[in-house]
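Novice: Given the coordinates of chain A, work out where chains B and C should sit on it, guided by the hints.
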Amino acid sequence: MKFSQLVQRLESYQPQPLQKDTAADPEIQGVAAIEEAAAGTLSYIEGSRFARSIQRTQASAVILPLDPALQATASQRQIAWISVSEPKLLFAQAVRLFYQPFSLEPGIHPTALIHPSVELGESVAIGAYVVIQAGAKLGNGVCVHPGVVIYPEVQIGDRTILHANCVIHERTQIGRNCVIHSGAVIGSEGFGFVPSAQGWVKLEQSGITVLEDHVEVGCNATVDRPAVGETRIGYNSKLDNLVHVGHNCRIGPNCVLAAQVGMAGGGTTGTWVILGGQVGVANQANIGDRVQAGAKAGLHGTIAPDSIMMGNPASPYKTFLKSSAIYNRLPEMHQSLRQLQRQVAALQQQVQQVQSQQESQHRTQESPMQP
Amino acid sequence: MKFSQLVQRLESYQPQPLQKDTAADPEIQGVAAIEEAAAGTLSYIEGSRFARSIQRTQASAVILPLDPALQATASQRQIAWISVSEPKLLFAQAVRLFYQPFSLEPGIHPTALIHPSVELGESVAIGAYVVIQAGAKLGNGVCVHPGVVIYPEVQIGDRTILHANCVIHERTQIGRNCVIHSGAVIGSEGFGFVPSAQGWVKLEQSGITVLEDHVEVGCNATVDRPAVGETRIGYNSKLDNLVHVGHNCRIGPNCVLAAQVGMAGGGTTGTWVILGGQVGVANQANIGDRVQAGAKAGLHGTIAPDSIMMGNPASPYKTFLKSSAIYNRLPEMHQSLRQLQRQVAALQQQVQQVQSQQESQHRTQESPMQP
Amino acid sequence: MKFSQLVQRLESYQPQPLQKDTAADPEIQGVAAIEEAAAGTLSYIEGSRFARSIQRTQASAVILPLDPALQATASQRQIAWISVSEPKLLFAQAVRLFYQPFSLEPGIHPTALIHPSVELGESVAIGAYVVIQAGAKLGNGVCVHPGVVIYPEVQIGDRTILHANCVIHERTQIGRNCVIHSGAVIGSEGFGFVPSAQGWVKLEQSGITVLEDHVEVGCNATVDRPAVGETRIGYNSKLDNLVHVGHNCRIGPNCVLAAQVGMAGGGTTGTWVILGGQVGVANQANIGDRVQAGAKAGLHGTIAPDSIMMGNPASPYKTFLKSSAIYNRLPEMHQSLRQLQRQVAALQQQVQQVQSQQESQHRTQESPMQP
Numbered sequence: 003m004k005f006s007q008l009v010q011r012l013e014s015y016q017p018q019p020l021q022k023d024t025a026a027d028p029e030i031q032g033v034a035a036i037e038e039a040a041a042g043t044l045s046y047i048e049g050s051r052f053a054r055s056i057q058r059t060q061a062s063a064v065i066l067p068l069d070p071a072l073q074a075t076a077s078q079r080q081i082a083w084i085s086v087s088e089p090k091l092l093f094a095q096a097v098r099l100f101y102q103p104f105s106l107e108p109g110i111h112p113t114a115l116i117h118p119s120v121e122l123g124e125s126v127a128i129g130a131y132v133v134i135q136a137g138a139k140l141g142n143g144v145c146v147h148p149g150v151v152i153y154p155e156v157q158i159g160d161r162t163i164l165h166a167n168c169v170i171h172e173r174t175q176i177g178r179n180c181v182i183h184s185g186a187v188i189g190s191e192g193f194g195f196v197p198s199a200q201g202w203v204k205l206e207q208s209g210i211t212v213l214e215d216h217v218e219v220g221c222n223a224t225v226d227r228p229a230v231g232e233t234r235i236g237y238n239s240k241l242d243n244l245v246h247v248g249h250n251c252r253i254g255p256n257c258v259l260a261a262q263v264g265m266a267g268g269g270t271t272g273t274w275v276i277l278g279g280q281v282g283v284a285n286q287a288n289i290g291d292r293v294q295a296g297a298k299a300g301l302h303g304t305i306a307p308d309s310i311m312m313g314n315p316a317s318p319y320k321t322f323l324k325s326s327a328i329y330n331r332l333p334e335m336h337q338s339l340r341q342l343q344r345q346v347a348a349l350q351q352q353v354q355q356v357q358s359q360q361e362s363q364h365r366t367q368e369s370p371m372q373p
Numbered sequence: 003m004k005f006s007q008l009v010q011r012l013e014s015y016q017p018q019p020l021q022k023d024t025a026a027d028p029e030i031q032g033v034a035a036i037e038e039a040a041a042g043t044l045s046y047i048e049g050s051r052f053a054r055s056i057q058r059t060q061a062s063a064v065i066l067p068l069d070p071a072l073q074a075t076a077s078q079r080q081i082a083w084i085s086v087s088e089p090k091l092l093f094a095q096a097v098r099l100f101y102q103p104f105s106l107e108p109g110i111h112p113t114a115l116i117h118p119s120v121e122l123g124e125s126v127a128i129g130a131y132v133v134i135q136a137g138a139k140l141g142n143g144v145c146v147h148p149g150v151v152i153y154p155e156v157q158i159g160d161r162t163i164l165h166a167n168c169v170i171h172e173r174t175q176i177g178r179n180c181v182i183h184s185g186a187v188i189g190s191e192g193f194g195f196v197p198s199a200q201g202w203v204k205l206e207q208s209g210i211t212v213l214e215d216h217v218e219v220g221c222n223a224t225v226d227r228p229a230v231g232e233t234r235i236g237y238n239s240k241l242d243n244l245v246h247v248g249h250n251c252r253i254g255p256n257c258v259l260a261a262q263v264g265m266a267g268g269g270t271t272g273t274w275v276i277l278g279g280q281v282g283v284a285n286q287a288n289i290g291d292r293v294q295a296g297a298k299a300g301l302h303g304t305i306a307p308d309s310i311m312m313g314n315p316a317s318p319y320k321t322f323l324k325s326s327a328i329y330n331r332l333p334e335m336h337q338s339l340r341q342l343q344r345q346v347a348a349l350q351q352q353v354q355q356v357q358s359q360q361e362s363q364h365r366t367q368e369s370p371m372q373p
Numbered sequence: 003m004k005f006s007q008l009v010q011r012l013e014s015y016q017p018q019p020l021q022k023d024t025a026a027d028p029e030i031q032g033v034a035a036i037e038e039a040a041a042g043t044l045s046y047i048e049g050s051r052f053a054r055s056i057q058r059t060q061a062s063a064v065i066l067p068l069d070p071a072l073q074a075t076a077s078q079r080q081i082a083w084i085s086v087s088e089p090k091l092l093f094a095q096a097v098r099l100f101y102q103p104f105s106l107e108p109g110i111h112p113t114a115l116i117h118p119s120v121e122l123g124e125s126v127a128i129g130a131y132v133v134i135q136a137g138a139k140l141g142n143g144v145c146v147h148p149g150v151v152i153y154p155e156v157q158i159g160d161r162t163i164l165h166a167n168c169v170i171h172e173r174t175q176i177g178r179n180c181v182i183h184s185g186a187v188i189g190s191e192g193f194g195f196v197p198s199a200q201g202w203v204k205l206e207q208s209g210i211t212v213l214e215d216h217v218e219v220g221c222n223a224t225v226d227r228p229a230v231g232e233t234r235i236g237y238n239s240k241l242d243n244l245v246h247v248g249h250n251c252r253i254g255p256n257c258v259l260a261a262q263v264g265m266a267g268g269g270t271t272g273t274w275v276i277l278g279g280q281v282g283v284a285n286q287a288n289i290g291d292r293v294q295a296g297a298k299a300g301l302h303g304t305i306a307p308d309s310i311m312m313g314n315p316a317s318p319y320k321t322f323l324k325s326s327a328i329y330n331r332l333p334e335m336h337q338s339l340r341q342l343q344r345q346v347a348a349l350q351q352q353v354q355q356v357q358s359q360q361e362s363q364h365r366t367q368e369s370p371m372q373p
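Line by line, the protein sequences give chains A, B and C.
Per our numbering, the first sequence runs over residues 3 to 373.
Per our numbering, the second sequence runs over residues 3 to 373.
Per our numbering, the third sequence runs over residues 3 to 373.
The shape of chain A in the complex, shown without the other chains (with noise of 0.2 Å):
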C-alpha cells in the first residue's frame, strides 16, 4: 500500500494526527529492521543507538522518535516517515497491516478427540490429533493447534490459542486472549516431597493453577500447581520460553519474565516486574511492584518495589555494579593489603626504636653532663 494510506491507518488509532512526511509516498511493501531495511520497506529508529542508521537505511519510510534533527536527514534522503514518541509501539501496530500470524480455519478436525462432556464455544478451531478429557469448557474463538493434550476439567477463555504439542494438566484455568506456545506444560504436579525416614514421600498436588486473561506462557515452559490453593499468573503476563513457576506461586499483572526464568515454591511479584533472562526467585520470596532483575540475579527475602536488583544473591544495581567492578581487582587488593601489613610491621618496629632512642636521649639529656 501507498505510504500515506499506511498513515492514515495507523492515525485512525491515535487520539490526534501524527506528524508526517509523505511527500515522496513510496509504496510500502512489508517491514524490516532499519540495519537490514531494502526499498519498499517501513522501518522504525528507537533510541541514540541506531539514530545513525538514519543515515545508511534503504528503507523507503520510517518511523522516528520526535526528533526533529532525524525528521530532517530522512526528509533530505527523501525517505517518508511519521513521528511519535513511541515509535516501536506503532511499529507493532505497522506489522499487523503487513503480517497475520497463521492461524487454524473455525473448524474441528476429524482426528481430534474429545470427550462428549466437553463444551465448546462458537468457532472454535482443533486441530488434528488434539485430545480433550472429560469436563473441559472451552470459549468462543478459541484455537488448539495439532497434538495438544487437554486433561479432564480444564477451563479456556475465548480466543485463546494452544500451540502444538502444549499440555494443559486437569482442573487449570486459562482466561481469554492468552497464548500457550508450543510444548509449554501448565496445571502439572508441583514439586512436593517430605523427607521420612523410608525417603521422600510425595505430596499429592490437589491445587490448581489459574491464568488470568491475556497471559503468554513461551514454547516449553512449565507452570505447576499446588498442593492446596492456587498457582497464578496475572493478567496481561508474559512468560518466555523455558520458564519455570512452580507451585503456588503468584505472579501479579503486566509483569515479563524472560527466558530459563525460574520461580521456586511460593514466591510472589507485584504489577510490572521484570526479571531478565535465568533470573532465580527463592521459595516464598516476595518481588515488589515494578522491580526489575538483570539477568542471572538470583532474588530471595522481599524486595522492596522498584527495586532494580543485580547478582546472586541480588543487590541493587548500583552496588552490585561497583562491587563487580572492583572484584576483578581482588587479587591486587589481597597483594596491596599484604604489603601494608608487611609496611605497618615495619613503621611499628622502627617508630618503637625511635621511642626508645628518644626516651634514652631524654635520659641523657636530663642529665648530659654526669660524668
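By construction, these hints were calculated from the structure, which means they are not laboratory data.
Treat the hints loosely; a few may be bogus.
Since the list can't tell identical chains apart, any single copy or any two copies may satisfy a pair.
To be verified - Computed list of lysine-lysine pairs in BS3-like fashion (alpha-carbon distance at most 30 Å, straight line): (1) Lys139 with Lys22; (2) Lys90 with Lys22; (3) Lys90 with Lys204; (4) Lys90 with Lys320; (5) Lys4 with Lys22; (6) Lys204 with Lys324; (7) Lys204 with Lys4; (8) Lys320 with Lys139; (9) Lys90 with Lys4; (10) Lys22 with Lys204.
Specialist: Only chains B and C this time, still in chain A's reference frame:
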C-alpha cells in the same frame, strides 16, 4: 468425613495413637494451606514461621507439631487437632483421603499404536495417540497418557505413569512406580561431538538410560543416554521440571534436583543429595552423600559428604555467606585500602624525618659542647 | 569381528596406515568406556587422566594416543592396540561399526496427515501421528518421528531427522543432515512485547528461523523467530538440550552450546564458539570467533576473538580464577583491613608524640643549659 474418623484413618498408618483433641469433631470436606483455610478444611502447621497462624486460621482442624502451646491455643479456639513430630508428613497422608490424582481407566485406546512385538502387563492404561514401538515391555498397571512416544526396546516397570507427550527413547529402562511428567524426554542421545579439522564429528550414543524404582522426572526435563555404558538415576530420586541430566551421570538414591538443575556429562551423586534450583554440576564432578547445594550453585570436582555449598564456584555455605555479605562493601574496602596506602606512605616519610632528626640530635648530644 | 579386520576398516578412513599391535587379534563384539570395559570390547584412552587405566582395563583392544609407554604396557598385557594422535575421533568411527542409531524405515505411516500441497523427496520416512501442514517441502531421506507437528511453509533439507514430538513453526528453513531432537521447538514466536500505558503490546513476529546444514538442536530446546529479519544457526553448530536461542540471534558455524544456555534477542557469535552449560548471552552481545565461556558465565557487550571467559559479568578466565580464589578470603581481608586501620591510627598518634617530643628536645638542646 468427621474429624474423628479422619484421625482413625491416619492413626492406622502410625505405630501408636496420636495426641489429639477431637472434642469439636467437625465435618472435614477438604485440605488447605493454613493461611487460606476455610471452615470445614483440615490444615497443618510446620515450623515457627506459621506458628502464629493458629491464632487466625479459619481451618476447622489442624495437624500440629508436638507443641503444648499450639495445642492449647487450638483447643481454646475450638479447632480440632492431632499432633505429631512431622506434621507435613501426616498432612501428605491426609491429602490422599480427599484427593486422588487423575488417572486413565485401564484399557487401550483404539488410536494407540502398539507394535505387535510389544509385551503389555495386566491392567495397563494406554491413552489416545500413544505410539509404542517394537520390542517394548510394559509392566502391570502402567499408565501411558495421550501423545506419548515410546521408541523401540524400552522397558517400563509396574505402575509407572507416563504423562502426556513425553518421549522415551530406545532401550531405556524405567523401574516400577516411576512418574515421567508431561513433555519429559528420557534416554535421548547424549551431547557427544569430537572436534576435528573438518568440524565437530558426532560420537554415536550407543549406551542406555536406567531409572530405578520410584523415580520422578519433571515436565520437559531431559535425561540423556551415553556413547557407551549407562546414565542412571537411583531409587526414589526426584527431578523437578526442566532439569537436564547429561550422558553417563549416575545419581544415587533419594536425591532431589530442583527445577532447571543441569548436570554435565559423567557427574555422580551419592544418596540424599539435594540440589537447589538452577544448580550446575560440572563434567565428571562427584557429589558426596547428603550434600546440599543452594540455588544457582556451581559444583565441580569432588564435594565431600554432608557439605552445604553455595555460590559459583561453590564454597561451604558459611564461607559463602560471609564473603557475599562483604562483597557489597568491596568499593568501600577498595577506598579504605587506598587511604591506608596514602597514610602509610605519609607515616613512612614522617618516621624517616624523625629518624634522621634523631640521628642528628644524637650526634649533637654526643658532642654537645663543641664549638 | 576380528580386531585386525576392524583396524583395516578404520585405516580405510585414514591417509596412511596406523601404528598398531594386532598380535593377539581378539574377537571384538562391542565398544566400552575404559573403566567399564569387559573382555571382547574395544575402548580408547585420551589424556593423562585415563592413562593409568591401561594397567587394569579388561578391554581386549584399545585405541591409544601416540605414546610409546602406553603402547608398551598394552602389548605387555596382550591388549591389542592402534595408536593415533586423536584417539576419541577414531573411537567415534569405531562406534559406528558396532552401533547404528534407530531410524524409521522409509515410508509414510497411514496415520500421518500430510497436506496435499506438501512436496516430499524420495525415501522419506514419516512416522505415526505426524502432521505436516500446507506448503511444506521435505528433501530426500528426511526422517520424521511420531508426533511431530510441522506448521505451514516449512522447508527441510535432505537426510534431516526430526525426533518425536518436536514442533517446527511456520516458514522455518532447516538445512541438510540436521537433527532436531525430541520436544524441541524451532521457529516459534520471538518474545516481543512493547510497553504502553495499557500494558505490554504484542509485536507480531513476521521473520523466519534458518538452520544451516548439519545443525543439531537438543531435546526441548527452543529457537525463536524474530519480528523482522531472521534468526540463524550456522553450519554444523550443535545445541544441547534445553538451550534457548532468542529472536534475531545469529550463531556462526561450528559452535557448541551446552545444555541450558540462553541467548537473548539479537546476540551473535562467530565460528567455533563454545559456551558451557547455563551460560547466558545478553541482548545484542557479540561473541567473537573461538571464544570459550565456562559454565554459568554471563556474556555481554563485545567479546574479543579467542577469549576464554568465566563468571558473571564474565572476565578473562585467569582474572576470574584469581579473583574467585580470593573471594573466600574476603572476610579475612576485611578483618585485616580493620586491623590495619587501627594500627595506622595508633602509629599516627605515636609518630605525632615522637615528633612533638623531638621538637621539645630540640628546643631544649638548642639551649640546653638554660636555667
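Novice: In ascending order, which of the hints set out earlier in this document are inconsistent with the structure?
Specialist: 1, 6 and 8
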